[in-house]
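**Q** Okay, here's what each chain looks like letter by letter:
There are 2 protein chains.
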Amino acid sequence: MTSTSIQDGLELLIHLERRGKPSLQRQLLEQVRRAILQGQLAPGRRLPSTRALAESLGISRNIVVAVYEELWSEGYLIQRRGSGTSVADDLPSLPLPPRPAPAGTPRWLPQRPTALGISCPLPPDVIAFQPGGVVIAPLPLGVWNAVWKEATACLPPTAIGPTAGDLELRAALADYLRRTRGVPCGAEDVLLTASAMQALELIARVTLRPGDLAGIEEPGYPIARHLFGTRGAQIVTTPVDADGLRVDALPGGSSAPLVQYVTPSHQFPLGGRLPIARRLALLEWASANDSLIIEDDYDSEFRFDAPPLPALAGLDQEGRVAYIGTFSKVLTPALRLGYLVAPAPLRQQIVLLKRLGDQHPSWPTQRALLAFIRDGHLERHIRRMRRHYAEKRALLSKTLAPISHLAQLRGLEAGLHVFLELRPGLDARRIAQAAFARGVVVTLLDAFYAGKPDRGGFLVGYGGLEPEKIVRGARILAEVIEQEQ
Amino acid sequence: MTSTSIQDGLELLIHLERRGKPSLQRQLLEQVRRAILQGQLAPGRRLPSTRALAESLGISRNIVVAVYEELWSEGYLIQRRGSGTSVADDLPSLPLPPRPAPAGTPRWLPQRPTALGISCPLPPDVIAFQPGGVVIAPLPLGVWNAVWKEATACLPPTAIGPTAGDLELRAALADYLRRTRGVPCGAEDVLLTASAMQALELIARVTLRPGDLAGIEEPGYPIARHLFGTRGAQIVTTPVDADGLRVDALPGGSSAPLVQYVTPSHQFPLGGRLPIARRLALLEWASANDSLIIEDDYDSEFRFDAPPLPALAGLDQEGRVAYIGTFSKVLTPALRLGYLVAPAPLRQQIVLLKRLGDQHPSWPTQRALLAFIRDGHLERHIRRMRRHYAEKRALLSKTLAPISHLAQLRGLEAGLHVFLELRPGLDARRIAQAAFARGVVVTLLDAFYAGKPDRGGFLVGYGGLEPEKIVRGARILAEVIEQEQ
Numbered sequence: 223m224t225s226t227s228i229q230d231g232l233e234l235l236i237h238l239e240r241r242g243k244p245s246l247q248r249q250l251l252e253q254v255r256r257a258i259l260q261g262q263l264a265p266g267r268r269l270p271s272t273r274a275l276a277e278s279l280g281i282s283r284n285i286v287v288a289v290y291e292e293l294w295s296e297g298y299l300i301q302r303r304g305s306g307t308s309v310a311d312d313l314p315s316l317p318l319p320p321r322p323a324p325a326g327t328p329r330w331l332p333q334r335p336t337a338l339g340i341s342c343p344l345p346p347d348v349i350a351f352q353p354g355g356v357v358i359a360p361l362p363l364g365v366w367n368a369v370w371k372e373a374t375a376c377l378p379p380t381a382i383g384p385t386a387g388d389l390e391l392r393a394a395l396a397d398y399l400r401r402t403r404g405v406p407c408g409a410e411d412v413l414l415t416a417s418a419m420q421a422l423e424l425i426a427r428v429t430l431r432p433g434d435l436a437g438i439e440e441p442g443y444p445i446a447r448h449l450f451g452t453r454g455a456q457i458v459t460t461p462v463d464a465d466g467l468r469v470d471a472l473p474g475g476s477s478a479p480l481v482q483y484v485t486p487s488h489q490f491p492l493g494g495r496l497p498i499a500r501r502l503a504l505l506e507w508a509s510a511n512d513s514l515i516i517e518d519d520y521d522s523e524f525r526f527d528a529p530p531l532p533a534l535a536g537l538d539q540e541g542r543v544a545y546i547g548t549f550s551k552v553l554t555p556a557l558r559l560g561y562l563v564a565p566a567p568l569r570q571q572i573v574l575l576k577r578l579g580d581q582h583p584s585w586p587t588q589r590a591l592l593a594f595i596r597d598g599h600l601e602r603h604i605r606r607m608r609r610h611y612a613e614k615r616a617l618l619s620k621t622l623a624p625i626s627h628l629a630q631l632r633g634l635e636a637g638l639h640v641f642l643e644l645r646p647g648l649d650a651r652r653i654a655q656a657a658f659a660r661g662v663v664v665t666l667l668d669a670f671y672a673g674k675p676d677r678g679g680f681l682v683g684y685g686g687l688e689p690e691k692i693v694r695g696a697r698i699l700a701e702v703i704e705q706e707q
Numbered sequence: 223m224t225s226t227s228i229q230d231g232l233e234l235l236i237h238l239e240r241r242g243k244p245s246l247q248r249q250l251l252e253q254v255r256r257a258i259l260q261g262q263l264a265p266g267r268r269l270p271s272t273r274a275l276a277e278s279l280g281i282s283r284n285i286v287v288a289v290y291e292e293l294w295s296e297g298y299l300i301q302r303r304g305s306g307t308s309v310a311d312d313l314p315s316l317p318l319p320p321r322p323a324p325a326g327t328p329r330w331l332p333q334r335p336t337a338l339g340i341s342c343p344l345p346p347d348v349i350a351f352q353p354g355g356v357v358i359a360p361l362p363l364g365v366w367n368a369v370w371k372e373a374t375a376c377l378p379p380t381a382i383g384p385t386a387g388d389l390e391l392r393a394a395l396a397d398y399l400r401r402t403r404g405v406p407c408g409a410e411d412v413l414l415t416a417s418a419m420q421a422l423e424l425i426a427r428v429t430l431r432p433g434d435l436a437g438i439e440e441p442g443y444p445i446a447r448h449l450f451g452t453r454g455a456q457i458v459t460t461p462v463d464a465d466g467l468r469v470d471a472l473p474g475g476s477s478a479p480l481v482q483y484v485t486p487s488h489q490f491p492l493g494g495r496l497p498i499a500r501r502l503a504l505l506e507w508a509s510a511n512d513s514l515i516i517e518d519d520y521d522s523e524f525r526f527d528a529p530p531l532p533a534l535a536g537l538d539q540e541g542r543v544a545y546i547g548t549f550s551k552v553l554t555p556a557l558r559l560g561y562l563v564a565p566a567p568l569r570q571q572i573v574l575l576k577r578l579g580d581q582h583p584s585w586p587t588q589r590a591l592l593a594f595i596r597d598g599h600l601e602r603h604i605r606r607m608r609r610h611y612a613e614k615r616a617l618l619s620k621t622l623a624p625i626s627h628l629a630q631l632r633g634l635e636a637g638l639h640v641f642l643e644l645r646p647g648l649d650a651r652r653i654a655q656a657a658f659a660r661g662v663v664v665t666l667l668d669a670f671y672a673g674k675p676d677r678g679g680f681l682v683g684y685g686g687l688e689p690e691k692i693v694r695g696a697r698i699l700a701e702v703i704e705q706e707q
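Same order as they appear, the protein sequences are chains A and B. Quick note: the first sequence uses our numbering, first residue 223, plus one each step. Quick note: the second sequence uses our numbering, first residue 223, plus one each step.
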């Protein structure tokens, strides 16, 4: 019997000083007792035989026998005929001591934490109109089971895959983006990420250095602002109107942002769709100023009664657009799957960065997504969810219609939330507080501005809520707004 | 019929200028033709009906009818009774035009790429003794299927999970690390990553600023050196001997590294196991110099005929050890799963960083790993693989025994590779080249030094090779070494 066969792990909790005092027996006794007290040896845990432990520690078996006996007499161990020695079951459950933490601030910890409040937990009975909420339940469970069964039918490869993602998956995704978004790309142009946000973070890390100008929409996506800020970039805001980014207001020359973030399909948060003329003007602006456009094709899958517009990446002739998207909305953010289509030199830099980080999504997850896309489930699910969300949107719209003289719904053409714009003079913060007091949560528009807000209202996300809650919550919201009048 | 129901995607390839010249009909004709030629509309693809397309584009149906007819007469489209209009099947397959790339170097691309050659593809008939190679096949397929079936039996949650990972998985992993590695930790102390390397990258990004001193082993893990280098850190090397890091040679005072990377279970690449006295001395050194120790518990699962030693993280009383590990070796790197146990303030900073990046591994992958650990499969698989690799190691050792006067195997106690140390005077590079000419690949030790190598030889990884190839490859290696003598 070699120590290779001892799997109990007890021996590694023990380290004996041979030349030291106290005696080996005393050292062993105290260390086993401590391991029990600290919960490393749990109640009921079976110990190795005295012979095996003695062999593995390289000490006399007599020592181990004596220690086990002592601990048995103290009540730490029990010995059952035929089943060896175990830790007693009836020990009081002792709390695990907390991991030691450094006293004070060690020199290897940065002084200024990079904090960003992304979400806060809410009471469960609240009706939270949170933007970004989705449901997946209309997806037949059998489809989900089938794609995973296929993806895990064989053992996985034992080597790391391409950093940019599984080649077959990228080909299927490229085909999908070509057909549905008009993005001319092949497998090699696509890079899998964990999310659109990770794609944005990687672009920011590759392109931005301290002091560089980084452009965002105003109001816009706060995480883009934060990400650019963590790179030390100077933030340049450009206002949006009902049609999205005011391309005419983009600064040029030495004030032109090095990178410009834009959400043309469904401006976040106001919901405008960038008209084709502005799209072309934006590309011209990028060309004139040697800037990179980051096209976050946010919520493009969920259009309602509005014709689609070609992605900027499909109009780009000069390789100035990095196109990012996600499966968080069309499936679930729990899958951690997004993507990036970018000019080759940028993509290659991102691959080098990602190769030192998470590399690629887990192989089974990639293969399950491949089966989902290849067998047509993705497009069927998007169709299904478009109907599903259109119904929810209609419910919300209908319930809020009676107060349209006080609050107008904006950005109805696409997405999973709307912007409820209040008539000037109404106090959005007070209304939000009054709604919260009645168990309804909406998000103040103010949070999406870097500077001073030029309008007031809330984001009302309905994607994740049941129809009954949408109606109940919207009624409360309408009442609160009427009372505030 | 609203445009919501049109799913063909053709309409988004089209953008018509209403006030412009040429005519709407001419614009539509040219754009559909271009979409076919560029492969965005694939051969056999069915087009929307003329009525649906006209409605979705907001133009007269007559225009669409005329365009379809023209393209039919040109041979681009076919019209079949009862099945509408499709793209012709017999079009020559046209290459997709490459995505445009920026001309020259745009100002948003860094000048100096961060390059690191991690792997290079090899001819398939070669016997590659690559370090890090593993197999998974001894795992019963039924076990693999069962854990995934459980993990995907229900639809996934529609919200993002904790950045540090699924709490149940972290609890199971903490339990495992407590029992098998003597690391005192609870669920909240564990953070899931994609790999040990990602854990290291996150630690480096949180702790190191340009000019900081970062310590590595010499020879050591080149990726640690590279990662610290990308942070602008100054690299401090400390020599290793047969027992691992020469703790007595670590610089102190103002020359003490801020972070010190160490591989105590199986020094990479030489294979030494850090004795308990050195472990304690290393912790004392860290305390005296306010330094962070990064313990990469590399290959700790695969010990052979050697007693286990407690992890540094289990001996640490001051919260100065960040402990990192991976499932890449015990399962496969294709899963992208690793972990980190670190002092709370460091962990919290890493969570903030990861929240802007990949966040957490995909939910089904985490749940499958949870089932794998919880049902005892992980420990059974490690036992199985320990026997498996021990047999391979014995084969390699036996085959190379006849040349032990020329080359000695080192680091036999643990891991999935050995270091084959050549007698002084033998030229390792020439031997590697001669072996390569005969189809056998070994890795020169030189690549693992930041400075001048103090010994010569190769790493011989056997984990991923079949027994027959190990014997054949080792015989060739032995012959080449004898001839070089």
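I should point out that these hints are in silico values taken from the structure, not numbers from a laboratory. Everything numeric in this text was worked out from a predicted model, so none of it was measured. Even glycine gets a Cβ: it sits at the ideal position worked out from N, Cα and C. Misleading hints may appear alongside valid ones.
[Unchecked claim] No more than 16 Å apart at the CA atoms, straight line, and that leaves these computed lysine to aspartate or glutamate pairs for EDC-like:
#1 K691/B to E613/B
#2 K371/B to D597/A
#3 K691/B to D465/B
#4 K371/A to D597/A
#5 K620/A to E701/A
#6 K371/A to D347/B
[As the list claims (entries may be wrong)] Quick partial rundown of chain B residues pointing at chain A, CB under 10 Å, derived from the structure:
#7 A264
#8 G383
#9 L430
#10 T459
#11 P567
#12 D580
#13 I698
**Q** Need the status of pair K371/B, D597/A: alpha-carbon distance at most 16 Å?
**A** 20 Å, violated
**Q** Go through the hint on I698/B and say holds or violated, using the shortest Cβ distance to chain A against 10 Å.
**A** With a minimum Cβ separation of about 23 Å from chain A (threshold 10 Å), the hint on I698/B is violated.
**Q** Min Cβ distance, T459/B to chain A: is it shorter than 10 Å?
**A** With a closest approach of 19 Å, the T459/B hint is violated.
**Q** So if I understand the rule, the pair passes when the alpha-carbon distance is 16 Å or less; does K620/A with E701/A pass?
**A** 14 Å, holds
**Q** Holds or violated: the hint that A264/B contacts chain A, with Cβ atoms closer than 10 Å.
**A** Holds, about 8 Å.
**Q** When you check the alpha-carbon spacing of K371/A and D347/B, does it fall within 16 Å?
**A** Violated: K371/A and D347/B sit about 32 Å apart, past 16 Å.
**Q** May I ask you to test the interface hint for P567/B with respect to chain A, counting a Cβ-Cβ separation under 10 Å as satisfied?
**A** At 6 Å from the nearest chain A Cβ, P567/B passes the 10 Å test, so the hint holds.
**Q** Given the hinted pair K691/B and D465/B, is their alpha-carbon gap at most 16 Å?
**A** Violated, because 30 Å separates the two Cα atoms, which is more than 16 Å.
**Q** Taken at face value, is the distance from the CA of D597/A to the CA of K371/A at most 16 Å?
**A** 14 Å, holds
**Q** Are the Cα positions of K691/B and E613/B separated by 16 Å at most?
**A** This hinted pair holds, its Cα atoms lying about 13 Å apart.
**Q** Please verify that hint: D580/B, Cβ, nearest Cβ of chain A, below 10 Å or not.
**A** 4 Å, holds
**Q** Does L430/B hold up as a contact with chain A if the rule is Cβ-Cβ below 10 Å?
**A** 8 Å, holds
Hint compliance for this structure: hints 2, 3, 6, 10, 13 are broken, all remaining hints hold.
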